[in-house]
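Participant: Sequence:
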Amino acid sequence: MEEREDVSKAVRELVDLGRIMLAIEKYKKSEASIGKAARIAGVSILKMMGIFKENERKRPLKKI
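Going by the working numbering, 60 is the number at position 60 of the sequence shown; the sequence numbering is gapless.
Some clues are possibly wrong.
[As the list claims (entries may be wrong)] Computed spacing ranges between beta-carbons, pair by pair:
| hint | residue 1 | residue 2 | range |
| --- | --- | --- | --- |
| 1 | L46 | E3 | 30 to 38 Å |
| 2 | G18 | M49 | 16 to 24 Å |
| 3 | K9 | K47 | 18 to 26 Å |
| 4 | K53 | E31 | 15 to 23 Å |
| 5 | D16 | E56 | 16 to 24 Å |
| 6 | V11 | R39 | 35 to 43 Å |
| 7 | K26 | L46 | 13 to 21 Å |
| 8 | E56 | E31 | 39 to 47 Å |
The hints are simulated quantities; they were obtained by calculation from the structure and are not laboratory data.
The model shown is predicted, which means the values in this text are computed figures rather than measured ones.
Glycine included, C-beta positions come from ideal geometry on N, C-alpha and C.
Based on the provided sequences and hints, a complete structural model is requested.
Facilitator: In structure tokens form, the structure reads like this:
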């Protein structure tokens with residue numbers, strides 16, 4: 001049973017990471033505001049800003 005819980009936890013973490021990566025890409029391409037990126041990632045705006053800072057991402061001035 002513990003192994004199944006570990007697998008479930010790993011899958012949830014991968015899904016969460018994928019949502020964060022998608023949010024970063026959409027923000028980077030000016031397809032999403034910080035608020036929309038936060039909703040995509042499933043986190044608060046403050047947390048999303050921290051994620052951007054951690055990843056040293058800046059909103060591009062022009063669309064890519």
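Participant: Next step is simple, just say for each hint if it's right about the structure.
Facilitator: Evaluated hints:
1. Checked against the hint of 30 to 38 Å, the C-beta distance between L46 and E3 comes to roughly 35 Å, which is consistent with it.
2. The hint said 16 to 24 Å for the Cβ distance between G18 and M49, and at roughly 20 Å that hint holds.
3. Between K9 and K47 the Cβ separation comes to about 20 Å, which falls inside the hinted range of 18 to 26 Å.
4. In this structure the hint that K53 and E31 lie 15 to 23 Å apart at CB holds, the actual value being about 20 Å.
5. Roughly 20 Å separates the CB atoms of D16 and E56, a value that falls within the hinted 16 to 24 Å.
6. At about 21 Å, the CB distance of V11 to R39 disagrees with the hint of 35 to 43 Å.
7. Checked against the given bound of 13 to 21 Å, the beta carbons of K26 and L46, roughly 18 Å apart, stay inside it.
8. Remark: the range hint 39 to 47 Å for E56 to E31 is contradicted by a beta-carbon distance near 20 Å.
Of the hints listed earlier, those the structure fails to meet are numbers 6 and 8, in rising order.
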